[in-house]
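There are 2 protein chains.
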Amino acid sequence: MRKIKELGEFGLIHHLSSRLKFRASDSILGIGDDCAVYPANPGVKQVISTDALVEGIHFKLNTTPPEALGRKALSVSLSDIAAMGGTPKRALVTLGLPKKLSVSFLDKLYSGFNEICNQFKVELSGGDTVSSPKSFFINVTVIGEAKRIFTRKGAKPGDLIFVTGTLGDSSLGLNLLNKKNNGGKDNKFLIEKHLEPTARVEEAGNLAHSKINITSMIDISDGLIQDLYHICKASKVGARIFQDQLPQSPEFIRTCTKNKISPLPHLLNGGEDYELLFTLPADGVKNLSRQFLKAKVLVTQVGEITLKPRRVYLEMSDGTKKLLPDSEGFNHFYV
Amino acid sequence: MRKIKELGEFGLIHHLSSRLKFRASDSILGIGDDCAVYPANPGVKQVISTDALVEGIHFKLNTTPPEALGRKALSVSLSDIAAMGGTPKRALVTLGLPKKLSVSFLDKLYSGFNEICNQFKVELSGGDTVSSPKSFFINVTVIGEAKRIFTRKGAKPGDLIFVTGTLGDSSLGLNLLNKKNNGGKDNKFLIEKHLEPTARVEEAGNLAHSKINITSMIDISDGLIQDLYHICKASKVGARIFQDQLPQSPEFIRTCTKNKISPLPHLLNGGEDYELLFTLPADGVKNLSRQFLKAKVLVTQVGEITLKPRRVYLEMSDGTKKLLPDSEGFNHFYV
Chain A
1 MRKIKELGEF GLIHHLSSRL KFRASDSILG IGDDCAVYPA NPGVKQVIST DALVEGIHFK
61 LNTTPPEALG RKALSVSLSD IAAMGGTPKR ALVTLGLPKK LSVSFLDKLY SGFNEICNQF
121 KVELSGGDTV SSPKSFFINV TVIGEAKRIF TRKGAKPGDL IFVTGTLGDS SLGLNLLNKK
181 NNGGKDNKFL IEKHLEPTAR VEEAGNLAHS KINITSMIDI SDGLIQDLYH ICKASKVGAR
241 IFQDQLPQSP EFIRTCTKNK ISPLPHLLNG GEDYELLFTL PADGVKNLSR QFLKAKVLVT
301 QVGEITLKPR RVYLEMSDGT KKLLPDSEGF NHFYV
Chain B
1001 MRKIKELGEF GLIHHLSSRL KFRASDSILG IGDDCAVYPA NPGVKQVIST DALVEGIHFK
1061 LNTTPPEALG RKALSVSLSD IAAMGGTPKR ALVTLGLPKK LSVSFLDKLY SGFNEICNQF
1121 KVELSGGDTV SSPKSFFINV TVIGEAKRIF TRKGAKPGDL IFVTGTLGDS SLGLNLLNKK
1181 NNGGKDNKFL IEKHLEPTAR VEEAGNLAHS KINITSMIDI SDGLIQDLYH ICKASKVGAR
1241 IFQDQLPQSP EFIRTCTKNK ISPLPHLLNG GEDYELLFTL PADGVKNLSR QFLKAKVLVT
1301 QVGEITLKPR RVYLEMSDGT KKLLPDSEGF NHFYV
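Chains as they are written, first to last, in my numbering: chain A, 1 to 335; chain B, 1001 to 1335.
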């Protein structure tokens, strides 16, 4: 096993960066100087976000293949760019490395970075590589461009609330990941949804280029309710969510039934689905449905925006209403 | 002692961000959404860099006051922007927080961020806050703008090599920091140079706006020789350094003499001075000296660029020459 120490800091940077394939055609300087340098296209806005994954909190090395970790570390930041309607362009990666990691592990991690960079045409333009004896961490900064931006502020009473894809898969997948005997097709599907979320970059890009009047948007990283509260707070509105309309994958339904797991906590508070959560007035629904049908991506109305600020209610199957508290989502300080 | 857990992730972000004072006049969105959003000025290049500081590697909590740590974490990244001739504009800060840290510690850390942001007119526009049970880390990404950029590539044989300020202070300061009985004025000066380096943003900005033909530039983070090797490799040249011309502070000289410390290793290989190291043809020296005299900042010629690639020699006081090996600088993987 080749050790990182044998290469040294600069040898390692050279070794890893030589594996990166995608290069933006307009870059002025990539890896290898004090900064990455690039031009900004006139008439577009710059959008930038940064996210860290810490060993033991966001992933465990014994359950996460390094390629998947590389893909996820980038996807999580790309998802933030998508949530603003941006097109990701460049990424900077900081690695905090404990001695236990081998060069071969990092090669696989970079394979994961490479895949996502190629898929979304994102250049890995720089970063930092430091020793971190006690824990492994990855910090990814992604810079993108946007003509039209979506924010959390702008949802209006009467707007309908939509989500892409299905909910709760990642959260249930995380539970399964930590259990023994987690083989089988359904388990595999759910675990993969946790380990390898897909950033909805294309879908958000399509919405940004459409004429649909999206009034607010966020990506679901902390759970549906928590992220909906973010929209409600910024927009000074409330919301109601219909239990019967929460989109669930067949794998999620079968696994909950089989193992007598209550689906609701996963659907409402499960983090890391990285689906888009957004609002629009009712007259935009036809266009929206047409667009998602064409893209073959599921989009579901899950509720509507209400007048009373900061109140999110769940309307249950039996007709009763329940006020959902804030801060029940995935909170890194309670893990 | 108020604990971070009491505030929760979002409460903490709100608490800390409400303390930030400097806001760029052209920002579209700062802290509080998925991304920060800003326009790019036409005709300027975007420069971006990211740097991490890890507890136990880059700082110890028992020797580093939180305000100083905040100032240093930002200064280190600002120094990279300066080294390219850029003007820093925005920063994103990721904090990896162990439970032992209190809200009051973070308040002081943010006071440090605030000071540097105000001094250099940099907006703290976003970031991420995660739990990191085993070690405290800070990752700072800084984005700046530059009309004219300085790179490592471009030094030519015959060019003269300059450094700003004095060398070795930070490295000697680090040694003193770890010792007992480190009181006294000289010790205090050197320790402060280690704990609180100043990014040469103004000096680099003045050079970028001047007509001086700077052919290459880097900031000294890994030590004079290591960083000079970075220039030599990128420019495919060699260099010679004159021992007698290495700029030393009176405090450095007195402390070395008093404690019988050999100054040379600190001057050549001491990291974290964050001074500028740059090259220019001889005919630019008069302009350079005039500019630095006016700014009351020390600038010293320490050597010259030579033809033979990747060979850096030291010309010693006694007239002998010594080939200096690559990779003797501050290397995070050997600490």
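Any given hint could turn out to be false.
Which chain B residues face chain A? A few, computed with CB under 7 angstroms, are given here [unchecked claim]:
hint: 1; residue: Ala1036
hint: 2; residue: Val1047
hint: 3; residue: Thr1094
hint: 4; residue: Pro1098
hint: 5; residue: Ser1102
hint: 6; residue: Thr1151
hint: 7; residue: Arg1152
hint: 8; residue: His1209
Hints in this document: simulated from the structure, not taken from any laboratory.
Cβ coordinates follow ideal geometry from the N, Cα and C atoms, glycine included.
Interface hint compliance - Ser1102(B) to chain A, C-beta minimum distance less than 7 angstroms:
13 angstroms, violated
Identify whether the interface hint at Arg1152(B) stands, where standing means a beta carbon of chain A within less than 7 angstroms of its own.
Check passed: Cβ of Arg1152(B) comes within 5 angstroms of chain A, closer than 7 angstroms.
When the least beta-carbon distance from Val1047(B) to chain A is tested against 7 angstroms, hint result:
Constraint on Val1047(B) satisfied, holds at 4 angstroms.
Against chain A, with CB atoms and a cut of 7 angstroms, does the hint on Thr1151(B) hold up?
5 angstroms, holds
With 7 angstroms as the cut and Cβ atoms as the points, is Pro1098(B) at the interface with chain A?
9 angstroms, violated
If you take the shortest Cβ to Cβ gap from Ala1036(B) to chain A, is it below 7 angstroms?
At about 5 angstroms, which falls below the 7 angstroms cut-off, the nearest Cβ of chain A leaves the hint on Ala1036(B) intact, so it holds.
Quick check on the hint: Thr1094(B) CB to chain A CB, less than 7 angstroms?
5 angstroms, holds
Given His1209(B) as an interface hint, is its Cβ closer than 7 angstroms to any Cβ of chain A?
Status violated, d = 18 angstroms.
The earlier numbered hints that this structure contradicts are 4, 5, 8.
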